[in-house]
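Trainee: Okay, here's what each chain looks like letter by letter:
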Amino acid sequence: MSDHTVSLPAGPGTLEAYGPSGPKPRHMFSRRNIFLYGTLIVVALYYLLPLYVMVVTSLKGMPEIRLGNIFSPPMEITFEPWVKAWSSACTGLNCDGLSRGFWNSVRITIPSVILSIALASVNGYALANWRFKGADTFFIILIVGAFIPYQVMIYPIVIILREVGLYGSLSGLVIVHSIFGMPILTLLFRNYFTSMPEELFRAARVDGAGFWGIYFRIMLPMSLPIFVVAIILQVTGIWNDFLFGVVYTRPDTYPMTVQLNNIVNSVQGVKEYNVNMAATILTGLVPLIVYFLSGKLFVRGIAAGAVKG
Amino acid sequence: MNANGSIAANGTSVSIQNLSLNFGAISVLQTLNLDVAEGEFIVLLGPSGCGKSTLLNCIAGLLDVSEGRIFIKGKNVTWEEPKDRGIGMVFQSYALYPQMTVEKNLSFGLRVAGLAKDEIAKRIVRAAEILQIEPLLHRKPAALSGGQRQRVAIGRALVRDVDVFLFDEPLSNLDAKLRAELRVEIKLLHRKLENTMIYVTHDQIEAMTLADRIAVMKGGVIQQLDAPQTIYNRPVNRFVAGFLGSPAMNFLDGRLEQAAGDWHFVAEDVRIPLATYAFEKDPVPGPAVFGIRPEHVAFNSGTGWPFAATANVEVVEPMGSDTLVWLKLAGQNFTVRVTAERTPNNAEAVGIGFDPMRASLFDAATGNRL
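Chains A and B, in that order, are what the protein sequence lines are.
Under the numbering used here, the first residue of the first sequence carries the number 48, and numbering increases by one thereafter.
Under the numbering used here, the first residue of the second sequence carries the number 878, and numbering increases by one thereafter.
No wet-lab data here; the hints were simulated from the structure.
In this text the structure is predicted, and so the values were computed from the model without any measurement.
The beta-carbon is built from N, C-alpha and C at its ideal position, and this holds for glycine as well.
Take the hints with a grain of salt, since some may be wrong.
Examples of chain B residues lying across from chain A (beta carbon under 8 Å, computed) [claimed, not checked]:
1. Ala-937
2. Pro-959
3. Met-966
4. Phe-968
5. Pro-975
6. Gly-986
7. Val-989
Now the in silico label distances, taken between C-beta atoms and shown as ranges [to be verified]:
8. Val-191(A) to Ser-897(B): 20 to 26 Å
9. Ile-195(A) to Ile-1082(B): 56 to 62 Å
10. Ser-897(B) to Pro-244(A): 24 to 30 Å
11. Ala-1104(B) to Pro-244(A): 52 to 58 Å
12. Lys-1064(B) to Ala-182(A): 39 to 45 Å
13. Ile-903(B) to Leu-332(A): 55 to 61 Å
14. Lys-952(B) to Ala-182(A): 42 to 48 Å
15. Ala-91(A) to Gly-901(B): 51 to 57 Å
16. Gly-901(B) to Val-191(A): 21 to 27 Å
17. Ile-1082(B) to Leu-83(A): 30 to 36 Å
18. Gly-85(A) to Gly-901(B): 37 to 43 Å
19. Phe-258(A) to Glu-1006(B): 33 to 39 Å
20. Ile-903(B) to Ala-182(A): 14 to 20 Å
21. Leu-332(A) to His-1015(B): 40 to 46 Å
Straight-line alpha carbon distances no greater than 30 Å define the calculated DSSO-like cross-link-like pairs of lysine-lysine that follow [as the list claims (entries may be wrong)]:
22. Lys-1158(B) to Lys-343(A)
23. Lys-180(A) to Lys-960(B)
24. Lys-180(A) to Lys-952(B)
25. Lys-1069(B) to Lys-994(B)
Chain A with its partners taken away, still in its complex shape:
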């Protein structure tokens, strides 16, 4: 560390002669860097260790797992558990693995994301730009909705869905997800549209564009970042949802998370740790991929949509 410091010859005029010139010397092993990167590495390891154990275990056969060395790498790599988790693990009466839940989740997530974002963006746009009478009251009511605990709403919604004949169907769950996404998404979009210059909106009105004209031709093309944020929030949120999935669907329409729970928590027969690990990783893959692909955009969008009065 100290061997990297530059020593200046003492004497008058030193600074003029040896003052800064050229790139600043970097001390790779300074105390500050060691502390900083040391901490980061420790924290990263702490978070990565469970994932490592999962991946390693999912690639082992059951005899090897019974040896009990959970940190040791697999001696014989096998993809058998992954195949089983995807296509033949049993949940209840069905023995076609997680694939059924995966496609159920896809069929739940895609329409829910599209529906909730379409509604919330128009909501936010109307609240931000067309300040209709009672807009503020409406907005407050919507925000209060974000603070009502889900548990309070579960049973009334069961009754409502039953009455309209959607209980147990995927469309029922799609509607529930869309409604519960509304407060936070509307807030997100309203704040984003509020931060756009108002004169732009006025110019578009003078140019003769109406409510939908301004929305589709002026506002939408300018709001890609906030749409990306909303998509990430909704995809991960809806994919990871367990509570609504287990309450509002039937066994053959269970989303992937519920099915995963049923596989892992089944009490019959031998606990197949390798299959459980593979199934868990498979289920978590979708949000993981979304985060990896959109990391930078996500941060930018969150900053852009930060709460503003």
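Since the structure of chain A is already known, use the hints to place chain B on it.
Mentor: Leaving out everything else, chain B in the frame of chain A:
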């Protein structure tokens, strides 16, 4: 105060009748009347918060009025949509659509209106030629300088082929040099198009140079509506007198007195004879404010003036083309504008003189012109 200025013989373009606007309990515009003649260049001038931009937005149809009526070209447009009013508007922040090229920005309104493609192309070519923005047509606003953006914004109003142009402080975001250039261009544009233009600004130089008539506003009320020279030389009240002119008009507090049939303005030892002053109404003795512009005061030029005095220079402010000299007259601050060559020294005793014909007298209580 009512502001029915004279209407030019060739008809009224925009007519605002008894217009009021309230935001809740706050009254922004109060029973305002304004008639703008066809082809006239009207400037709405006032400090921030005086309601000038609000008035413009009402004319544009971007704000719903509380009371009153707005006519454009003889048609009652009070409740019409902005697009149906026959107006084009230019905003302070340019308000160009960032995702569209200049060409798309110009044509947006026309495309919304469903005009034929060749008609749109024709109008864009014409506007681009007038504003000399042909080389920029395929750029996006982000790749333009401030001056270029404002040209495009003006172009967007131009292609709409409208009768009335509305400008909302269009030059305020530009630096001083560009502002002066575009000011001249807007004036040339007006001469070329002969449209009616309503222009909002807080910059008195823009107002003086551009306007056929200026409407000076304060607190949602038009204080004075008249030709720039009239407003400059015969302001109707103390607010208008102080708002226009840089450096600002000198104000002396004192009294009106009558001695041997002649009226005088008296402040301490200073007695200004008012024989040459044209009173608006018969004067009565009492407190008053005497106002005279620094450029109307003669400096070291003999004693042939109706009023002359000597005073000591307190501060000298050289401004390049001329110099502002600060003195004390009747114990109150008094400035004189002097050509740069005649700049005096500090504490030098100098002679000043002026003709009260060019001065303004105001009632001390109401501020109205006497």
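Trainee: Next, verify each hint and record whether it holds.
Mentor: Here is what the structure says about each hint:
| no. | hint | in the structure |
| --- | --- | --- |
| 1 | Ala-937 | holds, 6 Å |
| 2 | Pro-959 | holds, 5 Å |
| 3 | Met-966 | holds, 5 Å |
| 4 | Phe-968 | holds, 4 Å |
| 5 | Pro-975 | holds, 6 Å |
| 6 | Gly-986 | holds, 3 Å |
| 7 | Val-989 | holds, 5 Å |
| 8 | Val-191(A) to Ser-897(B): 20 to 26 Å | violated, 36 Å |
| 9 | Ile-195(A) to Ile-1082(B): 56 to 62 Å | holds, 58 Å |
| 10 | Ser-897(B) to Pro-244(A): 24 to 30 Å | holds, 28 Å |
| 11 | Ala-1104(B) to Pro-244(A): 52 to 58 Å | violated, 35 Å |
| 12 | Lys-1064(B) to Ala-182(A): 39 to 45 Å | holds, 42 Å |
| 13 | Ile-903(B) to Leu-332(A): 55 to 61 Å | holds, 57 Å |
| 14 | Lys-952(B) to Ala-182(A): 42 to 48 Å | violated, 31 Å |
| 15 | Ala-91(A) to Gly-901(B): 51 to 57 Å | holds, 56 Å |
| 16 | Gly-901(B) to Val-191(A): 21 to 27 Å | holds, 24 Å |
| 17 | Ile-1082(B) to Leu-83(A): 30 to 36 Å | violated, 57 Å |
| 18 | Gly-85(A) to Gly-901(B): 37 to 43 Å | violated, 60 Å |
| 19 | Phe-258(A) to Glu-1006(B): 33 to 39 Å | holds, 35 Å |
| 20 | Ile-903(B) to Ala-182(A): 14 to 20 Å | holds, 19 Å |
| 21 | Leu-332(A) to His-1015(B): 40 to 46 Å | holds, 44 Å |
| 22 | Lys-1158(B) to Lys-343(A) | violated, 73 Å |
| 23 | Lys-180(A) to Lys-960(B) | holds, 23 Å |
| 24 | Lys-180(A) to Lys-952(B) | holds, 28 Å |
| 25 | Lys-1069(B) to Lys-994(B) | holds, 26 Å |
The structure does not agree with the numbered hints 8, 11, 14, 17, 18 and 22 stated previously, though it agrees with the rest.
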